[in-house]
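**Q** Each chain, written out:
There are 2 protein chains.
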Amino acid sequence: MELLKQRILKDGQVIGNDILKVDSFLNHQMDVQLFNEMGKEFYRLFAHKKVTKILTIESSGIGIACIAAQYFNVPVVFAKKTEARNLDADTYLAEVYSFTKGKTYNVRVSKKYINSRDVVLIIDDFLANGKAALGLADIAEQAGAEVAGIGIAIEKGFQNGGRLLRERGLEVQSLAIVEGMQDGVITFR
Amino acid sequence: MELLKQRILKDGQVIGNDILKVDSFLNHQMDVQLFNEMGKEFYRLFAHKKVTKILTIESSGIGIACIAAQYFNVPVVFAKKTEARNLDADTYLAEVYSFTKGKTYNVRVSKKYINSRDVVLIIDDFLANGKAALGLADIAEQAGAEVAGIGIAIEKGFQNGGRLLRERGLEVQSLAIVEGMQDGVITFR
Chain H
66 MELLKQRILK DGQVIGNDIL KVDSFLNHQM DVQLFNEMGK EFYRLFAHKK
116 VTKILTIESS GIGIACIAAQ YFNVPVVFAK KTEARNLDAD TYLAEVYSFT
166 KGKTYNVRVS KKYINSRDVV LIIDDFLANG KAALGLADIA EQAGAEVAGI
216 GIAIEKGFQN GGRLLRERGL EVQSLAIVEG MQDGVITFR
Chain A
66 MELLKQRILK DGQVIGNDIL KVDSFLNHQM DVQLFNEMGK EFYRLFAHKK
116 VTKILTIESS GIGIACIAAQ YFNVPVVFAK KTEARNLDAD TYLAEVYSFT
166 KGKTYNVRVS KKYINSRDVV LIIDDFLANG KAALGLADIA EQAGAEVAGI
216 GIAIEKGFQN GGRLLRERGL EVQSLAIVEG MQDGVITFR
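From first to last, the protein sequence lines stand for chains H and A.
In my numbering, each residue carries its 1-based index in the first sequence increased by 65.
In my numbering, each residue carries its 1-based index in the second sequence increased by 65.
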């Protein structure tokens, strides 16, 4: 998606060889106009799949998922990272390793909100090692739901998450795939 | 807001005397159509304040804030609860006590994304003891920004957050104020 790539080139910051900071428009400050263009693009890519629900993970995926959901006209469910007092006891559980936080944690979705009649589109802001998306796909499969695919804003093509997910037969559509960030220069696939 | 009140009566679950579960439409599964009606209402209430930025806190506020931001045509900034490796070192910091999680934690906003020219509308899903909203107002004030007001989906009128914020001179607009939940019966102010 050209608009997103241009925005990454304009406002993205490379730190070292593996961190791409896009927090001025994607995952701290959020440019909702850009999110709308991304939502339209996800709809163009996945409209034929008859999606019934969008599944994401707190926190950075929620904004993109909600804006995209307006085009699909379906609810969003976000997997929770913490055990809040008001979360149902009866949940689907997956283990996820966070690249940015350097730790493993459990994510949970109440069994009430995904079921075997659902066609689930997974949306997230980043795809790096693929652990978050795999955890969400795992939860959808535990529920007996069909996974329509995985819609990602920015994929780090030099990490192995995209390959892992595609090898598992999942349709991954990334709006921008960063192939390299050598010496602070971002190149796209 | 009648539509939200009716939805709370239809789908809200009261647990004990103080927990109101609305996770089927507000903060786990999210009804984005309802969020759009809420966003329009926040715009009606705060349009005259010339808002330049919406400030919320991860995670449940993000969806509502992003949908509302479309009416205001401004970016959303969400305060982060954790120290991610990719968060700026230079942040505004506030301490927040979470009622649902039973603990105190720090929230941070990068100094890049709020400044003294901003007119900040704070949006969150719940107002109970008011600690999250106070923390966000504190961050806006540290930045020298003007606080346009606080837009809340559901205020628990029987807890003291709303009173604390209003006594501090902040304009609080809650789309539904729950006055009581005795014996599982929800009453509104």
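In short, the hints are calculated from the structure, not lab data.
Check the hints yourself; a few may be wrong.
You can't tell identical chains apart in this list, so a pair holds if it fits in one copy or across any two.
Under the rule of at most 27 Å between Cα atoms (straight-line distance), these lysine-lysine pairs were calculated in the DSSO-like manner [unchecked claim]: (1) 114 / 168; (2) 70 / 176; (3) 70 / 86; (4) 176 / 114; (5) 114 / 86; (6) 168 / 105; (7) 166 / 114.
Computed from a predicted model, the values in this text were never measured in an experiment.
**Q** Against this structure, judge whether each hint is valid.
**A** Do the hints match the structure? See the list:
Within a single copy, residue 114 and residue 168 get their C-alpha atoms no closer than 34 Å, and across copies no closer than 42 Å, so neither meets the 27 Å cut-off. When the C-alpha separation of residue 70 and residue 176 is checked against a cutoff of 27 Å, the pair qualifies only between copies, where the shortest distance is 25 Å, while the shortest distance within a copy is 37 Å. When the C-alpha separation of residue 70 and residue 86 is checked against a cutoff of 27 Å, the pair qualifies only within one copy, where the shortest distance is 14 Å, while the shortest distance between copies is 40 Å. Only within a single protomer do residue 176 and residue 114 lie at most 27 Å apart by alpha-carbon distance; the minimum there is 23 Å, versus 42 Å between protomers.
In this assembly of identical chains, the alpha carbons of residue 114 and residue 86 never lie at most 27 Å apart, being 32 Å within a copy and 32 Å across copies at closest. In this assembly of identical chains, residue 168 and residue 105 lie within 27 Å of each other by CA distance neither inside one copy nor across copies; the values are 33 Å within and 39 Å between. Within a single copy, residue 166 and residue 114 get their C-alpha atoms no closer than 33 Å, and across copies no closer than 37 Å, so neither meets the 27 Å cut-off.
This entry does not satisfy hints 1, 5, 6 and 7, going by the numbered hints stated previously.
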